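Join the two chains, each given in its own frame, into one complex according to the hints.
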Amino acid sequence: MNDTVASSAQRAERLQGMGCARKRVEDIRFVQGKGNYVDDLKLPGMLHGDFVRSPYGHARIKKIDASKAKELPGVIAVLTAADLKPLSLHYMPTLAGDVQAVLAEEKVLFQNQEVAFVLATDRYVAADGVELVEVEYEALPVVVDPFKAMAPDAPVLREDIKDKTDGAHGKRVHHNHIFNWQIGDREATDTAFQRAPVTIKELISYQRVHPAPLETCQCVASFDKIKGELTVWGTFQAPHVIRTVASLISKIPEHKIHVIAPDIGGGFGNKVGAYPGYICAVVASIVTGQPVKWVEDRIENLSATAFARDYHMTTEIAATADGRVTGLRVHVLADHGGFDACADPTQWPAGFFNIVTGSYDFPVAHVSVDGVYTNKAPGGVAYRCSFRVTEAAYCIERAMDILAQKLGMDPADLRMKNLIRREQFPYRSALGWEYDSGDYKMALQKALDAVDYHALRAEQKERQEAFRRGETRELMGIGVAFFTEIVGAGPSRNCDILGIAMFDSAEIRIHPTGAVIARLGTKSQGQGHETTYAQIIATELGLPADDIAVEEGNTDTAPYGLGTYGSRSTPVSGAATAVAARKIKAKAQMIAAHLLEVHDDDLEWDVDRFRVKGNPERFKTMKELAWAAYHQVPSGLEPGLEAVSYYDPPNMTYPFGAYACVVDVDVDTGVVKVRRFFALDDCGTRINPMIIEGQIHGGLTEAFGIAMGQEIRYDEIGNVTGPSFLDYFMPTAVETPKWETDWTTTPSPHHPIGAKGVGESPNVGGVPCFANAVNDAFKFLGSTHISMPHDNWRTWTAADKLGLHG
Amino acid sequence: MAKVQITMNVNGKAVEGSVEPRLLLIHFLREQLSLTGPHIGCDTSHCGACTVDLDGKSVKACTVFAVQAQGANILTVEGLAAPDGTLHALQEGFREMHGLQCGFCTPGMIIRAYRLLQENPRPSEAEIRLGISGNLCRCTGYQNIVKAIQFAAAKLSGAALQEAAE
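Taken in sequence, the protein lines are chains A and B. Note that the first sequence ends on residue 1105 in the numbering used here; no numbers are left out. Note that the second sequence ends on residue 178 in the numbering used here; no numbers are left out.
Pulled out of the complex, with its shape left as it was, chain B reads as follows (with noise of 0.2 Å):
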């Protein structure tokens, strides 16, 4: 099948690649960038393993393809923590609330719940529990997802009113 040439930002670095055009997005990053966080967990779009942050959206990788990403700005679990390997508040708080076990939904839950935060940095409960719900987590319960989620809120937005403050 002939390929395509593709560019897009991912992570902050500019890439490239050489693509069929009907390969998925979440191939494409898992294979040729080698960005193994976002996972895939299902044919039907439904589980949100494979979720990653798209020109300020998220979006299920596995129901884009490579091709439509093209010029895109792209953000995986990989692009989270600070340059200096800081984690993000995010990061940290599903370690700190034990918000996860085997580790296969988290990187796209905690991309969802990035885009979720941006969108509305203070949810109640019910607002982060509908904006999880792209995402399944089959060993949590999602409860102590939902606390993790909280406590970024917390972190993020003292931060920024001690910014704001100073």
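Pulled out of the complex, with its shape left as it was, chain A reads as follows (with noise of 0.2 Å):
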């Protein structure tokens, strides 16, 4: 079928656009084991280093011995601080406004921080290397409770800043203290409280987990003496910041710094920030002139780079004795552990923790949130959410089930008395945001229709019944969560990473025969933005998805961006492709103008093609258009067919949803069964209905995971239990849920192509609609709050405490 009689749904469905189930273009490579992560690289006279650890959790260091691993053949060099010092690296910057020590100098302050680095040509000498250095440790009283952190007797866990009163985001009050951040309006929060008939208080702890990608995080850095010139190669989410960050602290011009994150094996967060491990993997390089490789094992993983959460949040709710809320007051005690390494926008310390107001209109609400040092591992990466947004989501939807109970009102019900409403959008809450669109009432609707939720509570009020009357031991539990996300950061106005606004970019290169480049700021782990951002190209600019290639993650070649983290990609980037895409459009319709000889007002875009009004036998298709940009273009108009777009979000995008879940619970072997999970989301435009649907998958899968049973613990001596895979818990295909997915379609008003982003919202909504379903089962029994990890020990505990098991 030839294009002049093909009609425009057939051109369009050719393009296979947006909207389409476009099958993935990096599918090919990865299934045929062909894929380019960074520990696939190999380069001639490369070494590898490896770290020595520390033991304890805090300590000082007497000393540090060497010699024995420099003898061993093999072993290049063993760097520590006393190396780093003299060129300042021996702490870095952190994201937060602290520094993070990058070898220990005189102290540790968490079990498994970097000691010494060990040099060696194969990364099996480095290990022995690793075995063979003596470190001569005094151990220190260890904080791991950060409620104890702040006692007057606590010990003193940075001595580095311990007189230092004015921290990055204002006074600290104690030596462990970091910051306190407030936000909304205490007064009026504390006036609707003493007014309020009912009230409920609860602390909801939200455990230290870990986003464990299946890569762990690892470098390849290759310094050229001759050019002065530093290439990295790393599982880097935001390749721009490390080279402008690495630029800062290494002194190398930008220009002169290439940094390339090749295909990345998943990311959650952890990959965002800078660590030790590239750091001396630079240092080592410009040392020995040799490409240095430095690959973190999985204990070093979970146990040294980016913990997520770790916050307690004490909540409370104000409300009408009919179950209209409000006011809303939490305070979070949020444990940093040993330096506040923090990945969040500068000027937000709690991240955007104050969407805690959640999907409800709350009239007045305060956040106070203090940040504590504690002997545990720095981080507090967003483990695939927003920032601080998947606390937020558990401790207003754990907290509006709580309200229900003591009102003795459904939880559905409660929450769609309070959902604000269609008709208040854009709708500014009480503390801050503007939420762009929504029509929650009716994705909640859809949700309990689509699970039969009125049947659910019958049936589970039988099972009550037969418990009570001890005809069964299993108990049943109906999770239902309402979430509003915050993604898409951000707008120039609030947001910044070490001062550079939180844009991103798109450049498209429109080549003679049509083919297409498109280039950007934001680096995919898995998320599919070779095949998504193509697709946004051939909708604007009628050019198959096929012909145009993605490239992202080389800071040489693809525009500044900020990286993909925080459900961003789309929001941002997938706005600078429109933008940019609209650029070449509005060009290509002058040069169609030119060729058909009418005016540019006299044309109309039709898929794939420029027709003249009236006229549609007189067109000039894109493809012709791209070969006529570059010979036949009217004068005074440049030759070729490209734009750049630095787009800078006049606000986030809050995409929401509706989830319910249903569990089983054995109260005599505390085994929670998954007998049913619903998920209904909203990102606005939907770009790959396919790949949406399989990142909703596989966020409901950490979702599951991480309350069901994933915890970095430490016990009362600072050691980080169970920091591998056999402990930490990895659901496999046996334990995961079957998944059952829906949506409804708000777009956001203000976004070019009205998508709002959707990796993460199964993460947010996931994990308190499980901790709901958990706690729901239990409620009947007078059980308030059961904390996560769901795991079998702490419901068949959560069971014992309630007298259940005789």
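These are calculated hints, taken from the structure and not from any lab test. Treat the hints with caution; some may be incorrect.
20 Å max Cα-Cα, derived SDA-like pairs, lysine to any residue [stated by the list, open to error]:
{"hint": "1", "chain 1": "A", "residue 1": "Lys1037", "chain 2": "B", "residue 2": "Phe163"}
{"hint": "2", "chain 1": "A", "residue 1": "Lys333", "chain 2": "B", "residue 2": "Leu87"}
{"hint": "3", "chain 1": "A", "residue 1": "Lys884", "chain 2": "A", "residue 2": "Asp899"}
{"hint": "4", "chain 1": "B", "residue 1": "Lys167", "chain 2": "A", "residue 2": "Gln331"}
{"hint": "5", "chain 1": "B", "residue 1": "Lys159", "chain 2": "A", "residue 2": "Asp899"}
Calculated from the model, a selection of chain A residues having no Cβ within reach of chain B, i.e. all distances over 10 Å [as the list claims (entries may be wrong)]:
{"hint": "6", "residue": "Gly332"}
{"hint": "7", "residue": "Leu431"}
{"hint": "8", "residue": "Pro454"}
{"hint": "9", "residue": "Thr645"}
{"hint": "10", "residue": "Gln759"}
{"hint": "11", "residue": "Lys760"}
{"hint": "12", "residue": "Tyr859"}
{"hint": "13", "residue": "Asp901"}
{"hint": "14", "residue": "Ser1023"}
Predicted, not measured: the structure shown is a model, and the values here were computed from it. In this text, a Cβ means the ideal position worked out from N, Cα and C, and glycines have one as well.
So, in structure tokens, the structure goes:
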């Protein structure tokens, strides 16, 4: 079928643009084992680095003796803080305005902290060398409980800043205090609580967890002494930021640093920050003039780079007797570990936790967050969520259930009564955000209908009666959660990282034959950007997605951008892509007008071509215009067809969803079986439904892992217990529930294509939904709140405390 | 450390190497043979990213010394497609059913599924889930991996039936 006879719809279908379940272009290499991950890289003369790590949670370093290691054949060098100090590289700046030790100087502050870096010709020899480095420690008292960190007699953890009363985010009131951050109207909130006939208060803790992508953090650094240029291949979710930071730290001019993020084996927030391994590999390469590879093993990954959560949220809701919420008050104790290395936009030390009013119309609210140091690993990344958004969603969704229980109301009814109404959008929340769009009640109703909610409640009531009669030992729990995310950071007026506004970018070049290359400032870690960005361009420009190559991750070729995390790729770079495409289209229209000898305004766009209004037989396809752009442009117009957009979003986007879950709980074994899980998501305009569904399955599975078992635990003397896949819960195909998904579509009014982002929604909504389901099972016995993770032991213990074991 | 000469057959080709006895098979494959399809995702034999087929069994190549594979027949994901480049039904199925995202677990997952289908050509969903439970995926939630394996099972059985009929 040629172009002249194909209908608009047929031509649109052939483009494989937005809305179609296009198969992923990335998969061709991945299914054949031809992905290109960092550890696949092999360079001539490449050395391997490995860390000597602290066995103590808190200790003074008395002596480091590397002589035996240095004698081992194949060991090239052993770096310690003493080697880095003359270069001022023994500490590195963190994204949170603190510093973090690259190699411990006088003290170690958490178990498995980096103490020395052994450089060898082979990774086995490097590991041998690590064993031979002798470090003498003097153990110090340990603080692992954030509630004890600010006791008057708590040991001083950060001696390097102990007298510093001005932190990066205001006054420090104790030697282990990092910041206090407040938002909202305290007075009005206090008044609301004084007047409220009903209030609830609960300490809701979100345990320390870890993103644990299947590929750990790793890099290869290669310094060219002749050119004075540094190339770093690494697992970087934000390669441009890494390059800027590397330049600021190393003083190597930015144009002489080449940062390349090749294929990344999952990120989930773990690969946003800069870690000591990167700095040591770079220094080692500069010193030796040889490439240096550093690859984290799994235990190092789970115990040293980028934990998430560890938020302890004392939550209060005020309400009327008939269940209308009138105020929210939350105090958060945030455990940041030994260094404040949280990955948040500069002005937001608690991330966007002030989304904690959730999907409900709270007239007033107040939040206060205190960050403290403890003898735990630094990090504080957003594990598959926007900054502290999953903490906020867990907090409000548990609290709403607790309020429903106190009021004797059904939790779905309480939510329905308090959801922000459709006509209230754009909605200004009590804590300062402007929600863009939504029809929450419709979404919740659709989810409740899908699972036949009232029938489930009736079944649960029968089960409870049978349980009381001793006829069953299994309880039934029904979880409902409604979440609103805040993603797509963010507008330059309030979002930056190290002073760089959180815009993102796209650069599109159309070649003479109509084949396209697009380069972006983001970086896929499995999200399928090579597939989906091409779909946006295909629809915008009428060129087939298969003719569009998408590149990311090379700082030499890609336009500057802030990277991929916090569901920002589609909201920010997706917008930049559409805007850049529209610039190209505007130029193509001028060329078309010139060729067709009509005025620009006499043309109209039809899928893949400009045609003369009222005379559709006269047209120029985008492919023809691409060719013309290189030899037939009107006078006064530059040849070529390319554009770049640096998109500064006017607002965040606010994806939302309604989830429901049914569990069966065996009170004698503590085993929780997920019978059913239904997820309805609204991510605005949908670019590729297949990829969206895949993202939701994956995010729900991560939520399941968090809610049902994941925890990075520490014992009282600072040992991190079980930081391997032996103990850290990784759901397999056997435990993982089957997922049912659905959607509504409420486009974002301020986004060029109406898209809101989706990758993190299922984690944000999934965690409270599971937790509410487990809690719901025990509620009729008087239980108010059982903390995550809901593993068998904790669930059995909860049953035991309720006297269910006789 | 003294080295040992080893020979084995990998993806239909005879290969040899000189290795330390402690060298893990996964490092031999990845670093000496440049077969970087199989990956390393953990230290405790849980994740299965390193899975290869060794003498008709799925093994985690991070838990086998290269010297233990002396004389063995090994298949990695790189050896799965036909010599003319036609993808194996499993490779096709993973793409068709969106059974992968970051791609890091995929080579191990596919090669495990290959052995599963050799042993049980028409597995039920529960049998598939149990059969791949030694392989972790952090991206997909497994649902589409199950579908991908079902796709391959149907395609391979259909082909087998057709062959039998002919």
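Going through the hints against the structure:
At most 20 Å may separate the alpha-carbon atoms for a hinted pair to count; Lys1037(A) and Phe163(B) meet this at roughly 18 Å. At roughly 15 Å between alpha-carbon atoms, Lys333(A) and Leu87(B) fall within 20 Å of each other, so this suggested pair holds. Only pairs whose Cα atoms come within 20 Å are accepted, and Lys884(A) paired with Asp899(A) is accepted, the gap being roughly 12 Å. For the hint linking Lys167(B) to Gln331(A), the alpha-carbon distance of about 19 Å falls within 20 Å, and the restraint holds.
Between Lys159(B) and Asp899(A) the alpha-carbon distance is near 50 Å, which puts this suggested pair outside the 20 Å criterion. The claim that Gly332(A) lies off the interface is violated: its Cβ sits roughly 2 Å from the closest Cβ of chain B, which falls inside the 10 Å cut-off. Separation of Leu431(A) from chain B is adequate, the least Cβ-Cβ distance of about 15 Å exceeding the 10 Å criterion. For Pro454(A), the shortest C-beta to C-beta distance to chain B comes to about 32 Å, beyond the 10 Å cut-off, and the non-interface label holds.
Distance to chain B confirms Thr645(A) as a non-interface residue, since its nearest Cβ pair spans about 29 Å, more than 10 Å. Annotated as non-interface, Gln759(A) keeps its C-beta farther than 10 Å from every C-beta of chain B; the closest such distance is 26 Å. With a closest Cβ-Cβ approach of about 31 Å to chain B, Lys760(A) is found to remain outside the 10 Å limit, as its non-interface label requires. The Cβ of Tyr859(A) lies farther than 10 Å from every Cβ of chain B, with a closest approach of about 24 Å, so its non-interface assignment holds.
Residue placement check: Asp901(A) keeps its beta carbon more than 10 Å from all beta carbons of chain B (closest about 44 Å). Non-interface status of Ser1023(A) relative to chain B is broken: a Cβ of that chain comes within 10 Å, the nearest being about 5 Å off.
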